[in-house]
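Each chain, written out:
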Amino acid sequence: MFKNLTKTLLAGSVLLSATAAMAETEVQFWHAFTGRLGELVAEQVETFNSSQSDYKVVASHKGNYSETLNAGIAAFRAGEQPHVLMVFEVGTATMMGAKGAIKPVYEVMSDAGASFDPNAYIGSVKGYYTTTDGEMLSLPFNSSTPVLWTNNDALKAAGIDPSTDLSTWQQVGEALDKLKASGHECPLTTAWQSWIHLENMSAYHNVPFATKDNGFAGLDTELSMNGPVQVKHLQTMGDWAKDGKFIYKGRRNEGGADFRAGSCAMFTESSAGYAGIKKEAQFDFSVRPLPYWEGVEGAPQNTIIGGASLWVMQGHESEEYKGVADFLNFLSSTEIQAKWHQNTGYLPITAAAGDKTRLDGFYEDNPGTDIAVIQMTAKAPTANSKGLRLGSFDQIRGIIDEELEAIWSGDKSAQEAMDSAVERGNKLLRRFEQASR
Amino acid sequence: MEKRVTFRGWGLPLLLVFPQILISGVFFFYPAAQAIWQSLFIPDPFGLSAQFVGLGNFEFLFSDRFYRSSFITTAVFSTLVTLVSMVPALFLAVLADRLIKGAGTYRTMLIWPYAVAPAVAGVLWLFMFNTRVGVVSWYLAQLAYDWNHVLNDGEAMGLVVVASAWGRISYNFLFFFAALQSVPKSVIEAAAIDGARFWKRFFTIVLPLLSPTTFFLLVVNIVYSFFETFGVIHTITAGGPQQATTILVYKVFSDGFVGQDLGSSAAQSVVLLVVVGALTVIQFKYVEKRVHY
Numbered sequence: 001m002f003k004n005l006t007k008t009l010l011a012g013s014v015l016l017s018a019t020a021a022m023a024e025t026e027v028q029f030w031h032a033f034t035g036r037l038g039e040l041v042a043e044q045v046e047t048f049n050s051s052q053s054d055y056k057v058v059a060s061h062k063g064n065y066s067e068t069l070n071a072g073i074a075a076f077r078a079g080e081q082p083h084v085l086m087v088f089e090v091g092t093a094t095m096m097g098a099k100g101a102i103k104p105v106y107e108v109m110s111d112a113g114a115s116f117d118p119n120a121y122i123g124s125v126k127g128y129y130t131t132t133d134g135e136m137l138s139l140p141f142n143s144s145t146p147v148l149w150t151n152n153d154a155l156k157a158a159g160i161d162p163s164t165d166l167s168t169w170q171q172v173g174e175a176l177d178k179l180k181a182s183g184h185e186c187p188l189t190t191a192w193q194s195w196i197h198l199e200n201m202s203a204y205h206n207v208p209f210a211t212k213d214n215g216f217a218g219l220d221t222e223l224s225m226n227g228p229v230q231v232k233h234l235q236t237m238g239d240w241a242k243d244g245k246f247i248y249k250g251r252r253n254e255g256g257a258d259f260r261a262g263s264c265a266m267f268t269e270s271s272a273g274y275a276g277i278k279k280e281a282q283f284d285f286s287v288r289p290l291p292y293w294e295g296v297e298g299a300p301q302n303t304i305i306g307g308a309s310l311w312v313m314q315g316h317e318s319e320e321y322k323g324v325a326d327f328l329n330f331l332s333s334t335e336i337q338a339k340w341h342q343n344t345g346y347l348p349i350t351a352a353a354g355d356k357t358r359l360d361g362f363y364e365d366n367p368g369t370d371i372a373v374i375q376m377t378a379k380a381p382t383a384n385s386k387g388l389r390l391g392s393f394d395q396i397r398g399i400i401d402e403e404l405e406a407i408w409s410g411d412k413s414a415q416e417a418m419d420s421a422v423e424r425g426n427k428l429l430r431r432f433e434q435a436s437r
Numbered sequence: 001m002e003k004r005v006t007f008r009g010w011g012l013p014l015l016l017v018f019p020q021i022l023i024s025g026v027f028f029f030y031p032a033a034q035a036i037w038q039s040l041f042i043p044d045p046f047g048l049s050a051q052f053v054g055l056g057n058f059e060f061l062f063s064d065r066f067y068r069s070s071f072i073t074t075a076v077f078s079t080l081v082t083l084v085s086m087v088p089a090l091f092l093a094v095l096a097d098r099l100i101k102g103a104g105t106y107r108t109m110l111i112w113p114y115a116v117a118p119a120v121a122g123v124l125w126l127f128m129f130n131t132r133v134g135v136v137s138w139y140l141a142q143l144a145y146d147w148n149h150v151l152n153d154g155e156a157m158g159l160v161v162v163a164s165a166w167g168r169i170s171y172n173f174l175f176f177f178a179a180l181q182s183v184p185k186s187v188i189e190a191a192a193i194d195g196a197r198f199w200k201r202f203f204t205i206v207l208p209l210l211s212p213t214t215f216f217l218l219v220v221n222i223v224y225s226f227f228e229t230f231g232v233i234h235t236i237t238a239g240g241p242q243q244a245t246t247i248l249v250y251k252v253f254s255d256g257f258v259g260q261d262l263g264s265s266a267a268q269s270v271v272l273l274v275v276v277g278a279l280t281v282i283q284f285k286y287v288e289k290r291v292h293y
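Line by line, the protein sequences are chains H and W. Quick note on numbering: the first sequence equals residues 1 to 437 in my numbering. Quick note on numbering: the second sequence equals residues 1 to 293 in my numbering.
One should not assume that every hint holds.
[To be verified] Computed beta-carbon distance windows for the label pairs: (1) W:Tyr145 / H:Ala351: 49 to 57 Å; (2) H:Gly315 / W:Leu15: 56 to 64 Å; (3) W:Ser69 / H:Arg77: 50 to 58 Å; (4) W:Tyr114 / H:Arg437: 43 to 51 Å; (5) H:Glu39 / W:Tyr30: 41 to 49 Å.
Simulated from the structure, these hints should not be mistaken for lab results. Because the structure is a prediction, the values reported are computed rather than measured. Cβ atoms here follow ideal geometry from the backbone N, Cα and C, with glycine treated the same way.
One chain only, chain W, in its complex shape (with noise of 0.2 Å):
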């Protein structure tokens, strides 16, 4: 049975929840209520007047075939970058842990992609591939393979999805490698005794006590490729060729920010409100069944 905690009356709880309750309500219900709001009508640029036109905008959106491809843009994009990011930050993490020398100067080097901003991380591996001065791409020529991102959709979203990972490797690495310390030694050692080598072990033992980093991670990097990822993309493809990788919140901003359609950008955003919810509900309910804490 879990530990509850009884106060007496309303005043302290209350006046203890207010400040999250305070910063929910400026921070999140108001924006939304605003987008929610926004979703109902065209309002011109200037927001000199604006035409109500109920459901309209989602109307609009959901007859278009390039929307609703990109949902399937997104889900490709975030299952891909929760992937790339977390399989290898897992992997350096074992490495990292099994380090007995220079442990320290290791995972500081691992750490610092993190520091770089998600547009200079794009600006950054722009440079590696581009089709004209890149370095990676000349590689790539002299290897006969014609590299170009700007016209090839797959090569656009190998690109993005990369460079979204790439900082995001460091992120995970530092809570696996905390994780992987605070397994206890005795077990380990307990299956080393009964003769299970490294990986039997990492398997059965290490894997399942870190399930509760590994949903955390999960829960975390699917929500930074919804969210976050906009900068890379925005400075490596604008969401081209033909809108390969344009996902859901890149639209958001492209159509508000660029096309002044600020009627349509909200209801996408009341889209993504309803898409995000729904995946947390389901993160919660069915994949954290099976994690043991």
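Next up, chain H with everything else stripped away, as it sits in the complex (with noise of 0.2 Å):
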């Protein structure tokens, strides 16, 4: 009787899951993301994909961000594209330009009859990944900002109350000057430096990076990024590495293991390393928002985002393309962006997700996390603060890295790097305008 029973349910199973099997349509997502994030991203697709039995959604992890923009753009070329394909925000402008080779969020959304509203996203966010017109080309996925860590402990044993204001770079200056005389290692060190020393620095200060709006008007844009503002703060940033105030870890997030570890006394990062440094840390810490120097007309404006963003691929069936409006508009339902937000430390990218973790009393439990939402929609975003656009971008920070290291080693000065770096930039800038044309 029970042998029976099971067979029955056995069998009833696998016809039902052979049924499900024929009617779901696979949408193929390829994402960047290892780790804890990955683990994340599985989570979310896996709660999609139960949550209905019309589509299937495969993610597959294809490496890091450039990788995963590549894997696209060679199966694209192959015929074996993606229908969701994450791109960093540096990569921007090369899907922008192939206009071939998407299609437009806001077009899948309303062939597919799905209600979308643009305006459900933070205006930031949104701003990045938007045309002039106000159209969603990608869908804002994962969105950070930069902010400042400090190590706590580390400031207290120089001397250095805890609560003392760092927002300003004067500030951060006496607190670096008190960690060295404490003969502090590490005071300061920084992921990402063009984005959060060049990049962040010149919107938050109110001063263009690039002309043409930073280029969301136009392919003839050329740099801008030697000017006196942000001239000024790398050469401070400069002479603070040869006192061994701020310590060059790398072009990427390096600094981030020695701040984790208790090594760095401060810490300039992304709002987004705060899962791993709330794991990792056994230190009181403590997140504060991005320095500005004070003095500067404008300054603190707002940041910009970095992270990515979902793009819809050409050359699928329409069947396929109702099930990535379906997926889209799950991932960015309240419910999924507020956990989302919570556990990662990125940006709400929808006003209401953030309302939620508000109501939820996460802020409150966590201080500090809000900091990042304050910081990149106090103020409305100016052209200089809108955000970048700009092809061939990758290489460009390539660029800039160099230039940086060459500050920081004291074999340019500041000015020279800059200036060497608009040069060198703007031929790049001139091939991707005339590879778009």
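With the hints in hand, could you dock these two chains into one complex?
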């Protein structure tokens, strides 16, 4: 009897899953997340798949951001592109230029008859991925912004009250003097130097990084980050590097390990560093707004985002695009977004997700986690702080990294280095303009 | 006079060389022609359109002072890699050749590093010299030497050279060792009877007899340092600091696959093709003349 029952059940479930498999339309989703973030993405996909039976999203990890973009491009050339491709913000101009390869998100949504309100998204996040006519081309997925992390135990050891205001670089400079005087080996380090100390630095002080509204208004944009505000900041950082107050660890987030291990006192890094720091830091830490230079007119403006958005690729069936629309709508639903924001330190991309997090009492329990949100949304973005849209930007960042390294090692003055970066970067912008004609 | 085999008719010889021609055609001539064709265009990354620019890509390249200096970087790098991988290999081979006990174990141990993939070797060396957790950099710090290959170009170059040459020593060792074994004992014994000491014998008899092997290894190692060291550079320095370790082939990769600039990347491959072709001609024309077979 019992045996028979199990058999029937088994047969039934096999039958069910077989019909489900036949009816399900597969949606390929390529992303760049590993570790904790990879698990969270897998969980989102799993939740979506089990919430309905029409579509099945298949998520694949394709390496880091650059590698994922390259995999997508190579796949497109071979006619094997996924439905949804994660592209980091730096690749935005490349994707926007590839009109025949992408299907804009607003079009996916309207073709599928899905409800879609672009205004639900936070302005500074949305602005990065929409055309000047307000049409959303890709769906914001993970967005973060740089903040200042401090090791309060290290500050105390150097005789600095951890409640000291460190919201300007002048104040940070004084703290660095004290840390250095107390013999600290790594008073300040940074991750993503170009993103934080040039791109965000420019937006935060309301000075242009590039002409033509940082590239938003046209492909004939030219770099302009060799202005006095940027040069002054970098020269100060260079002097700090010479005095052993700023320790350079590498181009990506190499400094993160040092900070989490407690060997660096201050650390400029993405707000998304939260998950790792919270997990590993064996000391009292706090997150503070990114410092600005007091006396610069308009500062602090707002910071800009880093992270990735989801692009829908051309060349699939309309039935599959319906699944894509469903999946994207699911990802930006309040529940999912609020959870993502709280787990990772990435920004909530919709206002509703931010509100929910506040109502949940998350910010009270985890002080400082709302700083990134406030920093990005306190002021309406200007043409200088809406974001960046530059072609070949991955390569330009490489150039900037090289020139910044020349400042840190004392080979060049900040002005020389930035003049050189502008000259070299402009050549790439002209090539991109030519290729996109 | 060289011995020649003559065939009657064309059928058999053509049939015999056909596989080689086919392989060269598919894996060499076709891609090379593609590269030359692509180097005349600026395509967009997705391959949706391409602008014909004639020699514009080459103009763009040679107006870039970093590209020009990458020739010097490549020359320095490949010379150092070749030297660092051949000299110790020869030295070790000479020592192993004189061993009586445990020679087999010794040889096997020396050959092992060759089995390590370049990228993995890169990561291993990177760990040892890591500025934060590296063993070697820690000892250097004890000696009051501040190791930082992230900012110091000399140290970066030294590190990628050592990491690239390390696994290669095994390969060279293998060839030198085999060559040493085939040096006729009678010649050496005769010299010994005439009163020549070990090093005298080595430089006047053994080394000249090794010259075909040395020449072969020279060519192979230069080609290796040009093309196959890319994994090491990618993992250790990514071409930095300030492009101090960007060799030509690494730039082909980074411009093409990181920067999505396939036109420039193709033009660089064409330049590389010419450079390596010229190098090989020089080697066979001038260096080979001094080789005794």
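Inset, instruction - Note whether the CB distance of Gly315 (chain H) and Leu15 (chain W) lies within 56 to 64 Å or breaks it. - result: Given range 56 to 64 Å: violated, Cβ gap about 45 Å.
Legend entry - Cβ distance range 50 to 58 Å for Ser69 (chain W) and Arg77 (chain H), holds or violated: Cβ of Ser69 (chain W) to Cβ of Arg77 (chain H): about 32 Å, so the range 50 to 58 Å is violated.
Inset, instruction - For Glu39 (chain H) and Tyr30 (chain W), compare the CB-CB distance with the range 41 to 49 Å and indicate the outcome. - result: holds, 44 Å
Inset, instruction - May I ask you to test the hint 49 to 57 Å on the CB atoms belonging to Tyr145 (chain W) and Ala351 (chain H)? - result: At roughly 54 Å between Cβ atoms, Ala351 (chain H) and Tyr145 (chain W) fall inside 49 to 57 Å, so the hint holds.
Inset, instruction - Could you say whether the range 43 to 51 Å given as a hint is met by the Cβ separation of Tyr114 (chain W) and Arg437 (chain H)? - result: holds, 49 Å
Consistency with the previously given hints fails for numbers 2, 3, ordered from lowest to highest.
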